[in-house]
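Asks: These are the residues of each chain, in order.
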Amino acid sequence: MTDRRDFHAEELAGAYALGALDPDERLLVDLHIQNCARCARAIEEAIYTTALLAHAVDAAVPRPNLEDRLLERLGREESLRPDVPSEPPKSRLIPRRALGQILRPRLLPVAAAVLLILGVGTWNLQLRAEVARQHRIDAVIANAEAYPLTVVTGAPVVRGKVFVDYPTGQVLLAADNLPSLPTDRTYQLWLVRPDGQRDSGGVFRADSQGRAMVLITAPASLDSYVSLGVTNEPAGGSAGPTGQRVINCQLHTE
Amino acid sequence: MLHWIHGRPARSTSEIAVATGPSPSDHELVAAIGRRDEQALRLLYRRYGGASYALVIRIVGDEECAEEVVQDVFLRIWRHAASYRADQSSLATWILGIARNLAVDELRRRRVRPVSYETVVPADHESVEQSDPDPLGDPQAVAEFSDIRGAIRSALDTLPGVQRAAIELAYFGGLSQSEIAQVTGLPLGTIKSRIRFGMRALQVALKSRGFGPADSGSTDD
Chain A
2 MTDRRDFHAE
12 ELAGAYALGA
22 LDPDERLLVD
32 LHIQNCARCA
42 RAIEEAIYTT
52 ALLAHAVDAA
62 VPRPNLEDRL
72 LERLGREESL
82 RPDVPSEPPK
92 SRLIPRRALG
102 QILRPRLLPV
112 AAAVLLILGV
122 GTWNLQLRAE
132 VARQHRIDAV
142 IANAEAYPLT
152 VVTGAPVVRG
162 KVFVDYPTGQ
172 VLLAADNLPS
182 LPTDRTYQLW
192 LVRPDGQRDS
202 GGVFRADSQG
212 RAMVLITAPA
222 SLDSYVSLGV
232 TNEPAGGSAG
242 PTGQRVINCQ
252 LHTE
Chain B
287 MLHWIHGRPA
297 RSTSEIAVAT
307 GPSPSDHELV
317 AAIGRRDEQA
327 LRLLYRRYGG
337 ASYALVIRIV
347 GDEECAEEVV
357 QDVFLRIWRH
367 AASYRADQSS
377 LATWILGIAR
387 NLAVDELRRR
397 RVRPVSYETV
407 VPADHESVEQ
417 SDPDPLGDPQ
427 AVAEFSDIRG
437 AIRSALDTLP
447 GVQRAAIELA
457 YFGGLSQSEI
467 AQVTGLPLGT
477 IKSRIRFGMR
487 ALQVALKSRG
497 FGPADSGSTD
507 D
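Residue numbers (our numbering), protein chains in the order written: chain A, 2 to 255; chain B, 287 to 507.
Hints in this document: simulated from the structure, not taken from any laboratory. It cannot be assumed that every hint is accurate.
Said to hold, decoys possible - Cut-off 25 Å, straight-line C-alpha distance, at most; resulting in silico cross-link-like pairs (DMTMM-like, lysine to aspartate or glutamate):
1. B:493 x A:45
2. B:493 x A:11
3. B:493 x B:433
4. B:493 x A:59
5. B:493 x A:12
6. B:493 x B:373
7. B:493 x B:443
My request is simple: use the sequences and hints to build the entire structure.
Replies: Right, here's the structure in full:
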C-alpha cells in the first residue's frame, strides 16, 4: 500500500519534466492536468526549465566526417522508403462541394448560430462537470489507499493503480496501456466479494492513448470486497463477466 | 520570413544563400527541410550538430554511440520537420529535446556503462572546456550557445550540491526518482524533496537571469 495523502500534481512538476516519475505517478499527473490549469501551468514551466539544462553541458566535437555520414545515411534510408500515396482514397457519397452548395445559401448561418449557442452551453456544463469530477478525484487520491495492478496471464500489461477511499466508498481506477476496443465492445469494472460474487462497477472506454480514469461509488461497503477486476464485454455491459480479464487488483493487501 | 527569387519563394537553401548571404534563419531551414532540401539539413547540422553531440555524449558517454544518436536526431528532424511549432519552442530547444530523449532511450536500452553517481555527476562541475569549443557551427550560433551555457551554469551553481546532483542524475542519467534512491542509497522521500525544491530553486535562478516561459496570465483552476 502507498500512502497518497500528499498527492499534488504541482509538487511533482519538476520530476515530471525531468522524466523521473514512475509510470503510475506520471499517468496520474497526465490525467490530472487535463482539467487543472494551475498544475498544467506548473508542468509547462518545469518543462521549460528542464529544456534549458541541455545547454549546460561542456562543448564537445564529433568527428569531422559525421556530417557526410549523416547525409550518406539519409540517402540510403530515403532510397528504401516506400513512396507515399499521392492522394487519399475518395469515399464520400456526396461530394463536399455539392454538399456545401446545398447547405451554404440558407441554412449555414442559422445552423452556425444554433451550434454556437448549443456548443457554448454544452461546453460550459461539461467544463463544470469535469472540474467537479476532478475535485472528487483529487480528494480520493489524497485520502485513499493505493493498490498496484497485478499481471493478468495472457493479457496485455496494463499499468496503473486502484485508489480506495474506504470511508466514502469511492474507488478510482487509473490505468494506462489498455488495448483499443471495437465499437461493439466495452470495458466493465467488477468488485469481487470473498465468495467470488461480482458486483458491476459500470462500463467505460479508454481514450485514444489507452488511458482511463474511472471513479465509482461502490455498491456496498468496500470492506465487502477482496479484489477488483476489469473485463472486455459487449457494449452496454454484462450481468456477469463473460469476456477476457485485462485488469486485476487485490485489495486490503499489506 | 520568405525570400523571393524571380517572383516566387526561394526553393532551396542555396537560393536563400544567394539571396541573403550564408546564414538562412532557423525558420527558413526547417521550411526547406520540409521540402526535402538536403542542403538545408546539412546547414542545420552545422548549426546544431555540435550542441546536440555535446549533450548526447554527456548522456551516453561513448563517442561512437553518441555519433549514431546524433544521426538519429537529424534524421528524425528530416522526417518530422513539419511537426516543429515555432510558437511553442525555439528550434534549439526542440532539437536538443529530441537529442536528450533519444540519448536517454539509448542509454536505457544499451546501458553502455554502469549507472553510478560518479558517471552521471562529474566530481568537478567546473571541468575545463575544450579550447576550441565548436569548430563545426557558424560563429553566431557558437557565441549564442556559449552565452546561454554560462547563464544556465551560473543558475545551476546557486543550487545546493545535493539538489543539483539529484536533478542531473535524472536529466543526464535518465534515472527515475526510485532509481536515484537505489543508486545513492538514500530514502525515496529525500530524493523527491531534493528534486522538487531543486527544480523550484532552479526556476527562480533562471528567471532572475532572464530565462522564463511566457506568462499566460492564468493560474486558476
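Asks: Mind listing which of the numbered hints don't hold for this structure, in increasing order?
Replies: Failing hints: none at all.
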